[in-house]
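S.K.: Given next are the chains, with one letter for each unit.
Protein chains: 2
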Amino acid sequence: MQVAVPLYSQFTALDAVGPYEVLSRVPGVEVVFVGARRGPVDADVGSLALHADALYSEVVEPDVVVVPGGPGQHRAMEDERLLAWLRAVDAGTTWTTSVCTGSLLLAAAGLLAGRRATTHWLALEQLAEFGVEPTSERVVFDGKYVTAAGVSSGIDMALALVGRVAGDTVAQAVQLGIEYDPQPPYGAGSPGKAPGEVVALLESMRSMILTGA
Amino acid sequence: MQVAVPLYSQFTALDAVGPYEVLSRVPGVEVVFVGARRGPVDADVGSLALHADALYSEVVEPDVVVVPGGPGQHRAMEDERLLAWLRAVDAGTTWTTSVCTGSLLLAAAGLLAGRRATTHWLALEQLAEFGVEPTSERVVFDGKYVTAAGVSSGIDMALALVGRVAGDTVAQAVQLGIEYDPQPPYGAGSPGKAPGEVVALLESMRSMILTGA
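Listed in order, the protein sequences are those of chains D and P. Each residue of the first sequence is one higher than the last, beginning at 1 in UniProt numbering. Each residue of the second sequence is one higher than the last, beginning at 1 in UniProt numbering.
Here are a few chain P residues that face chain D, going by a calculated C-beta distance under 10 Å:
#1 G18
#2 L50
#3 H51
#4 D53
#5 G163
#6 A171
#7 L176
#8 E179
#9 Y186
#10 A188
#11 A194
#12 P195
Think of the hints as simulated: they come from the structure by calculation, not from any bench. Glycine included, each C-beta is placed from N, C-alpha and C at the ideal position.
Let's have the full structure, built from the sequences with the hints guiding it.
M.R.: What follows is the structure, encoded as structure tokens:
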């Protein structure tokens, strides 16, 4: 089973690496990072770069697509080559998925119209503009479309996906392999749980978080 | 504040990217990926590579070190250049940290003798061989040494570290920014919680998981 992860400038690294770390551990799964050019693609903060090892033109029939989000998504919305690739491969996928604002790219490609989907909590309203029914659930399955909430949720999404494609035992083995027994030191992981001042702080940075500007 | 993450062949990507995603969002923090050579360093599974943008010789006074684990750790134990670098920079760090079997590298460098520390649950016994007191806690602070359990625990460790260096509000803002409100679809993230057959399966793969062979 081939899983394709498209990389674009200023994507969020954990959106891509979380699902990679889960899916690549499943026997028979190959995860390929795809880009407009072969070589390093800059993530959104600092100096991290991930390597795209294949071109869009070389990955034409992946079984699964995982679209990461990140501030670069804003500009990638106008990248017709990426949107055309998403439409083309979606025609043959078993699962078309996204993490964080990656769902806005699926929506911009016209793939989520009329469906329930999620995204980073700061971007839920934007999803509705594409005729999508936004929901703040952490992982949303609607047919073959699977969307996950902000950044870290890709780990939960990928584990749920492994359960569907390889069964519960394999998914549990992957979870135990990456020792995913989360114990966050704070309970501030969603806007409904975080202190009001923290939510307000992030809301005041909405544009920077979502578009980098 | 400079955070240095050494990369070596066959490291586990999420061990490095989890803490990067948390720490790089803190104002004033720069995360630098360090290697024996500049350029792509292969992760442990599939074709993922992260870029090392600095040489060991160029990063001599980081404030924080985060050592990832992974099957490549087994061979890295004999990389005297890496161990010497760890000893040298540790002399000046505020925090010396590790994720997963990264703690075995800190131990091999002689930095954890007599301390409490943790690692991937399959490697706890090995830690004891270095005069370390192993514990299965998820995140262990002992003085300036902070060790985290397997792979995904680096996210929890980094959030706890941000709380110490930048305060609770900043840590909570980072948690909300990456929407870290974990909802794993299974409860199999530790050997005490996973079904016995799943634990046995992973134990039967111990050598492959820890050394890649």
